[in-house]
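Student: Read off the chains here:
Protein chains: 2
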Amino acid sequence: MFLPTLLNQASPEQMETFFIPAWNLEIIGTYAQTEMGHGTHLRGLETTATYDPATQEFVMNSPTITSIKWWPGGLGKTSNYAIVLAQLHTQGKCHGLQAFIVPLRSMNTHIPLPGVVVGDIGPKFGFDEVDNGYLKLENVRIPRDHMLMKYAKVEADGTYVKPPSAKLTYGTMVFIRSMIVGEAGHALAKSCTIAIRYSSVRHQSEIRPGEAEPQIMDYQTQQYKLFPLLATAYAYKFVGQYMNQVYHRITGDISQGDFSELPELHALSAGLKAFTTWTASAGIEVCRMACGGHGYSRCSALPDIYVTFVPTCTYEGENTVMMLQTARFLIKSYRQASAGHQLSGIVSYLNESERRLQPQSVSSRPTVVNVNDLASLVEAYKLRAAKLVEMAAKSIQQELQKRVSQEDAWNNSAIDLVRASDAHCHYVVVKLFAAKLGEIGDTGLHSVLSTLALLYALQGIQQHSGDFLQTGLLSVPQLSQVSQRLKELLAQLRPNAVALVDAFDYRDEMLNSVLGRYDGNVYEHMFEWARRSPLNKTEVHESYHKYLKPLQANL
Amino acid sequence: MFLPTLLNQASPEQMETFFIPAWNLEIIGTYAQTEMGHGTHLRGLETTATYDPATQEFVMNSPTITSIKWWPGGLGKTSNYAIVLAQLHTQGKCHGLQAFIVPLRSMNTHIPLPGVVVGDIGPKFGFDEVDNGYLKLENVRIPRDHMLMKYAKVEADGTYVKPPSAKLTYGTMVFIRSMIVGEAGHALAKSCTIAIRYSSVRHQSEIRPGEAEPQIMDYQTQQYKLFPLLATAYAYKFVGQYMNQVYHRITGDISQGDFSELPELHALSAGLKAFTTWTASAGIEVCRMACGGHGYSRCSALPDIYVTFVPTCTYEGENTVMMLQTARFLIKSYRQASAGHQLSGIVSYLNESERRLQPQSVSSRPTVVNVNDLASLVEAYKLRAAKLVEMAAKSIQQELQKRVSQEDAWNNSAIDLVRASDAHCHYVVVKLFAAKLGEIGDTGLHSVLSTLALLYALQGIQQHSGDFLQTGLLSVPQLSQVSQRLKELLAQLRPNAVALVDAFDYRDEMLNSVLGRYDGNVYEHMFEWARRSPLNKTEVHESYHKYLKPLQANL
Numbered sequence: 001m002f003l004p005t006l007l008n009q010a011s012p013e014q015m016e017t018f019f020i021p022a023w024n025l026e027i028i029g030t031y032a033q034t035e036m037g038h039g040t041h042l043r044g045l046e047t048t049a050t051y052d053p054a055t056q057e058f059v060m061n062s063p064t065i066t067s068i069k070w071w072p073g074g075l076g077k078t079s080n081y082a083i084v085l086a087q088l089h090t091q092g093k094c095h096g097l098q099a100f101i102v103p104l105r106s107m108n109t110h111i112p113l114p115g116v117v118v119g120d121i122g123p124k125f126g127f128d129e130v131d132n133g134y135l136k137l138e139n140v141r142i143p144r145d146h147m148l149m150k151y152a153k154v155e156a157d158g159t160y161v162k163p164p165s166a167k168l169t170y171g172t173m174v175f176i177r178s179m180i181v182g183e184a185g186h187a188l189a190k191s192c193t194i195a196i197r198y199s200s201v202r203h204q205s206e207i208r209p210g211e212a213e214p215q216i217m218d219y220q221t222q223q224y225k226l227f228p229l230l231a232t233a234y235a236y237k238f239v240g241q242y243m244n245q246v247y248h249r250i251t252g253d254i255s256q257g258d259f260s261e262l263p264e265l266h267a268l269s270a271g272l273k274a275f276t277t278w279t280a281s282a283g284i285e286v287c288r289m290a291c292g293g294h295g296y297s298r299c300s301a302l303p304d305i306y307v308t309f310v311p312t313c314t315y316e317g318e319n320t321v322m323m324l325q326t327a328r329f330l331i332k333s334y335r336q337a338s339a340g341h342q343l344s345g346i347v348s349y350l351n352e353s354e355r356r357l358q359p360q361s362v363s364s365r366p367t368v369v370n371v372n373d374l375a376s377l378v379e380a381y382k383l384r385a386a387k388l389v390e391m392a393a394k395s396i397q398q399e400l401q402k403r404v405s406q407e408d409a410w411n412n413s414a415i416d417l418v419r420a421s422d423a424h425c426h427y428v429v430v431k432l433f434a435a436k437l438g439e440i441g442d443t444g445l446h447s448v449l450s451t452l453a454l455l456y457a458l459q460g461i462q463q464h465s466g467d468f469l470q471t472g473l474l475s476v477p478q479l480s481q482v483s484q485r486l487k488e489l490l491a492q493l494r495p496n497a498v499a500l501v502d503a504f505d506y507r508d509e510m511l512n513s514v515l516g517r518y519d520g521n522v523y524e525h526m527f528e529w530a531r532r533s534p535l536n537k538t539e540v541h542e543s544y545h546k547y548l549k550p551l552q553a554n555l
Numbered sequence: 001m002f003l004p005t006l007l008n009q010a011s012p013e014q015m016e017t018f019f020i021p022a023w024n025l026e027i028i029g030t031y032a033q034t035e036m037g038h039g040t041h042l043r044g045l046e047t048t049a050t051y052d053p054a055t056q057e058f059v060m061n062s063p064t065i066t067s068i069k070w071w072p073g074g075l076g077k078t079s080n081y082a083i084v085l086a087q088l089h090t091q092g093k094c095h096g097l098q099a100f101i102v103p104l105r106s107m108n109t110h111i112p113l114p115g116v117v118v119g120d121i122g123p124k125f126g127f128d129e130v131d132n133g134y135l136k137l138e139n140v141r142i143p144r145d146h147m148l149m150k151y152a153k154v155e156a157d158g159t160y161v162k163p164p165s166a167k168l169t170y171g172t173m174v175f176i177r178s179m180i181v182g183e184a185g186h187a188l189a190k191s192c193t194i195a196i197r198y199s200s201v202r203h204q205s206e207i208r209p210g211e212a213e214p215q216i217m218d219y220q221t222q223q224y225k226l227f228p229l230l231a232t233a234y235a236y237k238f239v240g241q242y243m244n245q246v247y248h249r250i251t252g253d254i255s256q257g258d259f260s261e262l263p264e265l266h267a268l269s270a271g272l273k274a275f276t277t278w279t280a281s282a283g284i285e286v287c288r289m290a291c292g293g294h295g296y297s298r299c300s301a302l303p304d305i306y307v308t309f310v311p312t313c314t315y316e317g318e319n320t321v322m323m324l325q326t327a328r329f330l331i332k333s334y335r336q337a338s339a340g341h342q343l344s345g346i347v348s349y350l351n352e353s354e355r356r357l358q359p360q361s362v363s364s365r366p367t368v369v370n371v372n373d374l375a376s377l378v379e380a381y382k383l384r385a386a387k388l389v390e391m392a393a394k395s396i397q398q399e400l401q402k403r404v405s406q407e408d409a410w411n412n413s414a415i416d417l418v419r420a421s422d423a424h425c426h427y428v429v430v431k432l433f434a435a436k437l438g439e440i441g442d443t444g445l446h447s448v449l450s451t452l453a454l455l456y457a458l459q460g461i462q463q464h465s466g467d468f469l470q471t472g473l474l475s476v477p478q479l480s481q482v483s484q485r486l487k488e489l490l491a492q493l494r495p496n497a498v499a500l501v502d503a504f505d506y507r508d509e510m511l512n513s514v515l516g517r518y519d520g521n522v523y524e525h526m527f528e529w530a531r532r533s534p535l536n537k538t539e540v541h542e543s544y545h546k547y548l549k550p551l552q553a554n555l
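Residue numbers (full-length UniProt numbering), protein chains in the order written: chain E, 1 to 555; chain F, 1 to 555.
It is possible that part of the hints are untrue.
Because identical chains share one entry, a pair is satisfied inside a single copy or across any pair of copies.
Stated by the list, open to error - Straight line, CA to CA, 27 Å or less: simulated DSS-like cross-link-like pairs of lysine-lysine:
{"no.": "1", "residue 1": "Lys225", "residue 2": "Lys402"}
{"no.": "2", "residue 1": "Lys402", "residue 2": "Lys487"}
{"no.": "3", "residue 1": "Lys150", "residue 2": "Lys487"}
{"no.": "4", "residue 1": "Lys237", "residue 2": "Lys436"}
Because the hints were derived from the structure by calculation, they are not lab data.
Go ahead and model the full structure; you've got the sequences and the hints to work with.
Tutor: Here it is as structure tokens:
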């Protein structure tokens, strides 16, 4: 975050001063944004940077306990510089958040500089290897040219110069969120690789009495746990690739002064970040538990994958807040469409909503969804999203009729809004998965990925069957068809399951999982791994001499 | 597990020899059941105990790598004795699993005894403080009286004497599973206490621009995350109490030779264990993430609650296997009812299923569910369970018509069977919650717990709306009513939320959570907690001298 922020917001002179030293690791930088009492809601940050024209310096302060910077990675003990987000005060006025480069520790001794109170925030769920830190600034003075000035500026006399667009600073965030979507695909793909390989190694119980214990991959329940997640991993990888392409295309436009697509990308990256990280986090745990007791051992690697991935649900924008940001864009788009504007891009389906989704037309419209046809299912997901956006918009309207404020109406409809965002994201994922199939020429590959895409779409329908029934998009008999078809797809995927995870191409060194070994030689290596446990260094552990023996002597 | 197993299965003489020393901690015992390759499927265990009448000893062996005992708590370094489950061989015949008391380490030196290969299995997701261990037995000889002989026996000449009932050894398991249901309530109650208290301390974002940041407990989405979990915690605590009472009543009957209720209790404890642990595990993580970034810090206590609780989904019977055990009982009961037998107990609702749940009668039956009436909702859950049991039974029947074996028909219907068990358990929980209300005299208490029970029931319906629509138990307009009513209940519970978690009465010392402090003084204590981090012992960490300084010197 230190380097990308410099890249995005430093002036050419600042790049020269800071980027190369940071690249060379003379400057070890961190990005200090969140505070003890403030996270997702950026405007709430309390750290201040007050310009003093007499010395041409900014005076940095943490005015309250809640304003102490909290969580930045490597801040506690490692970094000697930080980019600090703070409220800029100059000429008696607050101009909102700006980024400042603050030296933290002596370049010679690594001792914290005067006024810098810095340290580690303590043990966490995971990331034991990272010194996430706190930073309390007490009248720390930095030169004027330490404010990042590519866009906004403070002149020598303290005059504030506005940036050309307020949206520019969001660039890094959109980029990181797009990356996280891909990461969700990766984390889930790794987890599926481990669980599916181990499920083909592990024999347990019996299907037919007297016969050998079958591979647990042969149990329908195990397939039902893992194959939809496998499909999801593929889906998110494709979505991640797509987001990356869009991001680079749009940043190209932005550098040429065209911001038109930024709101859509911002909304899409927010919602998809939430949608994919929630599902992937839960999915990693399903994979872990699908490995039985051994999933709980760190030799499976799954506990580490989980604790490393799950914070993505919270950082770079808390997921529920993200869903509501997407909802804000959807509702705005819906209102524009209702007012007769023609929408373009991913929300263009809302153009049709007023026309096609009147309650009467829904119930009278013949059910046309074909549960065996992916294109037809994409259409069903689209109509579901349109209907749920409409329901959320109507909820807001109903609240407003009770004479509550716009803001309370929004809050009182928040459950519906999140649900609408979720349906929107789900539609986008199904649509992109289907679109990806069009790029695949190889017939065999196309066939197995089509099965996977169909499984993804149908399982989503089964999980959200209430939505599809409620909106009249599917009938009760069709739902039984969906269940039946799902079972067939599981059986159909069974022979390809191991190949589909091998295709992710994670080397054993990357997976670092005894259960997920490519050669399937799990049990010998598990015993070997266990024998190397730190507790096994001596036959009789020191705790015996220290505690047990004295305790037993006193009996 | 060592002591309860002795209590249940040791003869009076064995009690004298082993129980008192174990109680006094001279014997530090563990219970060694699971093996590296074998967990839930007990019959698959490979460890052997072969009786040698010449010496009147059992010869204990781990014949394969997968037969190595794996996971028992305290086995690695602490225990000097284990109760080992092994296949009993005598007079050339295998008589299945028996429990044997095996000395592991010298009582004087704590050094492993000859033939005993024992150690720690390595780092895990949680339970760092426990030395879960492995045990490989190589021709370890133990005296004949070290087999637990309260029920089954081996006489001096090697004659095997059968136990009076094969079901007896399941007693401990049923007991532990019942306990776990209560634990699910506790774990969730603790998590809700932390999240709801902190949500009342934490201010974030803004509902109305310009006004102060509201308590995050005022956001509808936050209420929707936490209040249903709060209701669930209450529900599981009540279910746990009920299970405990039933267990003690039934064990009373068993000691008098009456095993009639054991199958029902076994099935109920299996399914409810799975149902409650899955929901509670996911719920703990929802609570953790509802605390934002700070939930990830161990100062929240939530990471520790999670890693300590989540193995209950796997141990004492893997959850999916548990669900299928309950399903087996349900299908058996359903078939009995279909054959005209009158069922009693918790499954008596299946008596009505044949009569009332014909497809035509479902669709033609007027919808009578009143979404504001708990008794009516209990009825709806009951009919849903009946319908889903019926659907699972029919799936098996359809598979059989394809001329597959009974076992394959079962496996090919496993998704439906788990779904039926889930619905059955959900019905039991809602029913017991409703029944509990009848015991509460205090009007105010009754009122707020009724709101909680209604919330629990309605949120379950919303989550499984597909089921209720598919089975014709609810109509689309009723579903909208459910959503509307849920929002009202959230608002209604808001003023009582903190009181409802305070009522769980967890002292700060028990919660051990900075975020969940009773006095709400979170931020000062978080700073204090952080400053005590091990990494903060020195201003400049040794890693600087060891790694950073040399690295930078080479630049």
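Student: With reference to the structure, classify each hint as holding or not holding.
Tutor: Taking the hints in turn, this is what the structure says about them:
1. For the homomeric pair lysine 225 and lysine 402, the shortest alpha-carbon distance between copies (25 Å) is at most 27 Å, but the shortest distance inside one copy (45 Å) is not.
2. Taking CA atoms no more than 27 Å apart as the test, lysine 402 paired with lysine 487 passes between copies only; the shortest distance there is 15 Å, against 47 Å inside one copy.
3. Taking the shortest alpha-carbon separations for lysine 150 and lysine 487, neither the intra-copy value of 57 Å nor the inter-copy value of 47 Å comes in at or below 27 Å.
4. Proximity of lysine 237 and lysine 436 under a CA criterion of 27 Å is satisfied intra-copy only: 11 Å inside one chain copy versus 48 Å between copies.
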